[in-house]
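A.B. asks: Now for the letters of each chain:
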Amino acid sequence: MKILVAVKRVLDYNVKARVNAEGTGIDLANVKMSMNPFDEIAVEEALRIKEAGKADEVIAVSMGVSQSQETIRTALAMGADRGILVETEEELQPLAVAKLLAAIAKREEPGLVIVGKQAIDDDSNQTGQMFAALMDWPQATFASEVEINGDKMKVTREVDGGLESIDVAMPALVTTDLRLNEPRYAKLPNIMKAKKKPLDTLTPAELEVDITSRLKVVKVEEPEQRKAGEIVGSVADLVDKLKNEAKVI
Amino acid sequence: MADVAALPGYEDATPDIVSAILEEAGKFASEVLAPLNWDGDQLGAKWTADGVTTPAGWKEAYQQFSESGWNSLAFDPTYGGQGMPGLLSAAVQEMWHSSNMAFGLCPLLTQGAVYAIESHASDELKQTYLEKMIAGTWTGTMNLTEPQAGSDLAAVRTSAEPAGDHYLIKGQKIYITYGDHDMTENTIHLVLARTPDAPAGVKGISLFIVPKFLVNADGTLGERNDARCVSIEHKLGIHASPTCVMSFGDNDGAIGYLVGEENRGLMYMFTMMNEARLAVGIEGYGIAEMAYQRALAFARDRKQGPVLLEKDSDVQGIVNHPDVRRMLMTMRSQIEAARVMAYDCAAAFDFAARHTDDEVRARFQRRGELLTPIVKGWSTEVGVDLCSLGVQIHGGMGFIEETGAAQHLRDSRITPIYEGTTGIQANDLLGRKTQYDGGKAVDELLEDMRATHEALAGSANPVAAKAKAALGDAIEMTASVSQKLVAEKNPVLAASAATDYLMMMGFTTGSWAMARIVLAADNTEDRAFGNLQCAIAGFYFDKIATHAKAHHLAIQNSASEYYELDQALL
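Sequence lines, in order, name chains U and X.
Going letter by letter, the first sequence gives residues 2 to 250 in my numbering.
Going letter by letter, the second sequence gives residues 1441 to 2010 in my numbering.
Read the hints as simulated data drawn from the structure, not as lab findings.
Source: prediction; values computed, not measured.
Treat the hints with care, as some may be off.
Using C-beta positions, here's what the derived DEER-type ranges look like [unchecked claim]:
{"hint": "1", "chain 1": "X", "residue 1": "1982", "chain 2": "U", "residue 2": "18", "range": "34 to 44 Å"}
{"hint": "2", "chain 1": "X", "residue 1": "1459", "chain 2": "U", "residue 2": "127", "range": "47 to 57 Å"}
{"hint": "3", "chain 1": "X", "residue 1": "1459", "chain 2": "U", "residue 2": "26", "range": "24 to 34 Å"}
{"hint": "4", "chain 1": "U", "residue 1": "15", "chain 2": "X", "residue 2": "2005", "range": "41 to 51 Å"}
{"hint": "5", "chain 1": "X", "residue 1": "1475", "chain 2": "U", "residue 2": "194", "range": "40 to 50 Å"}
{"hint": "6", "chain 1": "X", "residue 1": "1763", "chain 2": "U", "residue 2": "185", "range": "44 to 54 Å"}
{"hint": "7", "chain 1": "U", "residue 1": "21", "chain 2": "X", "residue 2": "1763", "range": "33 to 43 Å"}
{"hint": "8", "chain 1": "X", "residue 1": "1989", "chain 2": "U", "residue 2": "33", "range": "31 to 41 Å"}
{"hint": "9", "chain 1": "X", "residue 1": "1486", "chain 2": "U", "residue 2": "29", "range": "46 to 56 Å"}
{"hint": "10", "chain 1": "X", "residue 1": "1503", "chain 2": "U", "residue 2": "196", "range": "19 to 29 Å"}
{"hint": "11", "chain 1": "U", "residue 1": "196", "chain 2": "X", "residue 2": "1500", "range": "28 to 38 Å"}
{"hint": "12", "chain 1": "X", "residue 1": "1454", "chain 2": "U", "residue 2": "166", "range": "31 to 41 Å"}
Mimicking BS3-like on lysine-lysine, the simulated pairs with C-alpha atoms at most 25 Å apart in a straight line are [to be verified]:
{"hint": "13", "chain 1": "U", "residue 1": "155", "chain 2": "U", "residue 2": "107"}
{"hint": "14", "chain 1": "U", "residue 1": "228", "chain 2": "X", "residue 2": "1751"}
{"hint": "15", "chain 1": "X", "residue 1": "1467", "chain 2": "U", "residue 2": "197"}
{"hint": "16", "chain 1": "X", "residue 1": "1467", "chain 2": "U", "residue 2": "33"}
{"hint": "17", "chain 1": "U", "residue 1": "188", "chain 2": "X", "residue 2": "1743"}
{"hint": "18", "chain 1": "X", "residue 1": "1675", "chain 2": "U", "residue 2": "17"}
{"hint": "19", "chain 1": "X", "residue 1": "1675", "chain 2": "X", "residue 2": "1499"}
{"hint": "20", "chain 1": "X", "residue 1": "1743", "chain 2": "U", "residue 2": "228"}
{"hint": "21", "chain 1": "U", "residue 1": "188", "chain 2": "X", "residue 2": "1499"}
{"hint": "22", "chain 1": "X", "residue 1": "1467", "chain 2": "U", "residue 2": "198"}
{"hint": "23", "chain 1": "U", "residue 1": "196", "chain 2": "X", "residue 2": "1467"}
Covered by chain U, per the in silico footprint, the following chain X stretches (three or more residues, Cβ under 8 Å) [stated by the list, open to error]:
{"hint": "24", "stretch": "1444-1458"}
{"hint": "25", "stretch": "1487-1494"}
{"hint": "26", "stretch": "1735-1749"}
Here a beta-carbon is modelled for each residue, glycine too, at the ideal position from N, C-alpha and C.
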């Protein structure tokens, strides 16, 4: 069985995001970029499944600018077997990513696709679900435990009320939640070997996917600063302010 | 780095691999090693008759460290090393020492032992020990010092009696870093000792491999050797790093295997001394880097009084008081100068080892050897001062242990002492590295400094003018004083000027490092970073390079009358 893992190049989680001067997005000039942390969890899970003898190959897929190669190399250094980059300078929205991933899945025919539940840059939480719909596959989102038994999977999901356990038939899609696992550190010899592992580059045109944006960004701005609080003299003052200033009662 | 990667054997050190390695090492240092640093200091290593135990979490972290392959970075691929350049290793080592110096010492000592075996031991010994030591499965130690033999190793008394294919070692060694611990299944001691009919003094010392557990022919571990840790020291800092008193041969004699030939042990040790001293120099500024990061975070957060700088910013911490800025810049600028000097030194040894041209190799060997005592002596002396500034920035909180700033100061204090004190480095720089070759290595350094000086003329950068002035002074001071000292016939005068000479060379070489930073900043695409680097360099030229003049004057003022005083009057 092959496992396909999607990895996204995002602003490093330690970097404080700033809106660019034009107000059209986040300033990405000369800032540190890394693999989306939820995708690291996805890579780790795929590797564990392979190490348990339940998969033969782990393929890391990324989409975007050519520097996304570095993100794929990180996955290869962790232990993935090969990489595929769909290279484009265009902005990719979740639907486009889901379609591209579906096109690759149709070529590679994996038994399992694992993606992060969301990327920490736009927090969309859509790609996995859209992909499953496009493929007409079962989906197991927000996974905190994955157990593979033959051609079936038992997945524990983190839901609002607690944990939900579901059985899914494979091929299927899993999106990872934080508690699924703790990603490993890449070993030095594997970092060196990663460079020699195969990495194919494709374009959206080659995959015959229309990546036109369906959403338009109107404006990006910093959240409003929190205003300083105020100590009121009496309960009567408080009620007055709530009624006339805050207008909440 | 590109020039080093162009050397034969370093083809793998491409920019993408180098940045992936730095990235992952940084992750490991900050997520695995740094969180253990404080507990390690508070709990410390513990001694029992059965051996030394390291603080909680240490063993697991070490296993993760060696399983991740970090120990093998710069070693020979024949024995499982990754064969990467020393320059890259210098950058990676800094991270181990910044995040957790007491931990970083263990691989540092293993590295020294590996180099000694790699360079001088027989193939049979290499086959038996190197692979496991390079992997980090076994650690190594360096057993030189005895109670009466510290800086003066001629006084070593430990004995080695021939017994068939091996020797029986008897004697006591002190200050043995990681001489015993519970992190690995075996520890390989390198021990200096005397054979029965060895000549007196330094020419009668041999080097032996003494394993904690003997190694069977099939590579498995055999009997416990007669080598034990009999106590550990209570120290000012690096509490988690066990500093052992080792006793060899309390019962039948510890089995040891001769490295190379008899009576050449001290020479073998010296071939790897440069590496070890460079590594301690890296510790010197590495620990100061941690002190700086901690002080900076505190200064941003701590609010006291209205600030004079960035009045409208949302950061109203003491970082915006000019005097606190002065302290932070003093730290940052010297750390960066020290880092460039250490990289120069590491790269020089890479060129000396791998360049195809004999003359180039010899020149870089001289450069590396000249820079080694400066990196070791200056960067550690300055490092302690900077860790002290780190405490100062914290104010009263800096004096409170829980803050963590004090630990860096305590840990740093050993760095100007071990692997040869600053006084020893100064004698090495002035005697062996300057007077002995008639000032040749210094002249070559001056040549390179002059080339940078000329290159600065072509820079439109406003800081370049400052750099030119400071570097001009540095060249003038280095040239005049070095000539004077090479010609100095009075050994007392030379010895009394040596430490000032070392410190002056540190500050002048620092000016050269900073001048090159200014030139590099001209070509940096990232303008914000380039401007920051120029500001740091400008600060160095204005406020730090001035120290060179004080030491220069002190050398001129060296006179023997102070030393003719009867010591009883002191």
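A.B. asks: Each hint needs a verdict: does it hold in this structure or not?
C.D. replies: Verification of the hints:
1. Taken as a hint, the range 34 to 44 Å holds for the pair residue 1982(X) and residue 18(U), whose Cβ atoms sit roughly 35 Å apart.
2. With their beta carbons about 32 Å apart, residue 1459(X) and residue 127(U) fall outside the hinted range of 47 to 57 Å.
3. Checked against the given bound of 24 to 34 Å, the beta carbons of residue 1459(X) and residue 26(U), roughly 25 Å apart, stay inside it.
4. Checked against the given bound of 41 to 51 Å, the beta carbons of residue 15(U) and residue 2005(X), roughly 58 Å apart, lie outside it.
5. Checked against the given bound of 40 to 50 Å, the beta carbons of residue 1475(X) and residue 194(U), roughly 29 Å apart, lie outside it.
6. Take residue 1763(X) and residue 185(U): their Cβ atoms lie about 46 Å apart, and the range 44 to 54 Å holds.
7. With their beta carbons about 36 Å apart, residue 21(U) and residue 1763(X) fall inside the hinted range of 33 to 43 Å.
8. The given range of 31 to 41 Å is respected by residue 1989(X) and residue 33(U), whose C-beta atoms sit roughly 40 Å from each other.
9. At about 50 Å, the CB distance of residue 1486(X) to residue 29(U) agrees with the hint of 46 to 56 Å.
10. One distance hint, 19 to 29 Å for the beta-carbon pair residue 1503(X) and residue 196(U), holds here, with the actual separation near 26 Å.
11. One distance hint, 28 to 38 Å for the beta-carbon pair residue 196(U) and residue 1500(X), holds here, with the actual separation near 30 Å.
12. Take residue 1454(X) and residue 166(U): their Cβ atoms lie about 47 Å apart, and the range 31 to 41 Å is violated.
13. At most 25 Å may separate the alpha-carbon atoms for a hinted pair to count; residue 155(U) and residue 107(U) meet this at roughly 24 Å.
14. Note on residue 228(U) and residue 1751(X): the hinted pairing holds, with a Cα-Cα distance of about 19 Å set against a maximum of 25 Å.
15. Using a Cα cut-off of 25 Å, the hinted pair residue 1467(X) and residue 197(U) holds, with the two alpha carbons roughly 23 Å apart.
16. At roughly 13 Å between alpha-carbon atoms, residue 1467(X) and residue 33(U) fall within 25 Å of each other, so this suggested pair holds.
17. Taking the CA atoms of residue 188(U) and residue 1743(X), the gap is about 42 Å. The hint is violated against a cut of 25 Å.
18. Of the supplied pair hints, the one linking residue 1675(X) and residue 17(U) is violated, its CA atoms being roughly 41 Å apart against a limit of 25 Å.
19. About 21 Å separates the Cα atoms of residue 1675(X) and residue 1499(X), which keeps this hinted pair within 25 Å; it holds.
20. Restraint check for residue 1743(X) and residue 228(U): the C-alpha separation of about 19 Å stays at or below 25 Å, so the hint holds.
21. Of the pairs offered as hints, the one joining residue 188(U) and residue 1499(X) holds, with about 18 Å between alpha carbons and a cut-off of 25 Å not exceeded.
22. Taking the CA atoms of residue 1467(X) and residue 198(U), the gap is near 23 Å; set against the 25 Å cutoff, the hint holds.
23. Distance restraint check for residue 196(U) and residue 1467(X): the Cα-Cα separation of roughly 20 Å lies within the 25 Å cut-off, and the hinted pair is therefore satisfied.
24. A count of 4 residues in the stretch 1444-1458 of chain X with a Cβ less than 8 Å from any Cβ of chain U is obtained; the coverage claim is therefore met, three being the minimum.
25. Residues of the stretch 1487-1494 of chain X with a Cβ under 8 Å from some Cβ of chain U number 0, which does not satisfy the need for three, so the listed coverage is violated.
26. Only when three residues or more bring their CB closer than 8 Å to a CB of chain U does the claim for the stretch 1735-1749 of chain X stand; here the count is 0, and the claim is violated.
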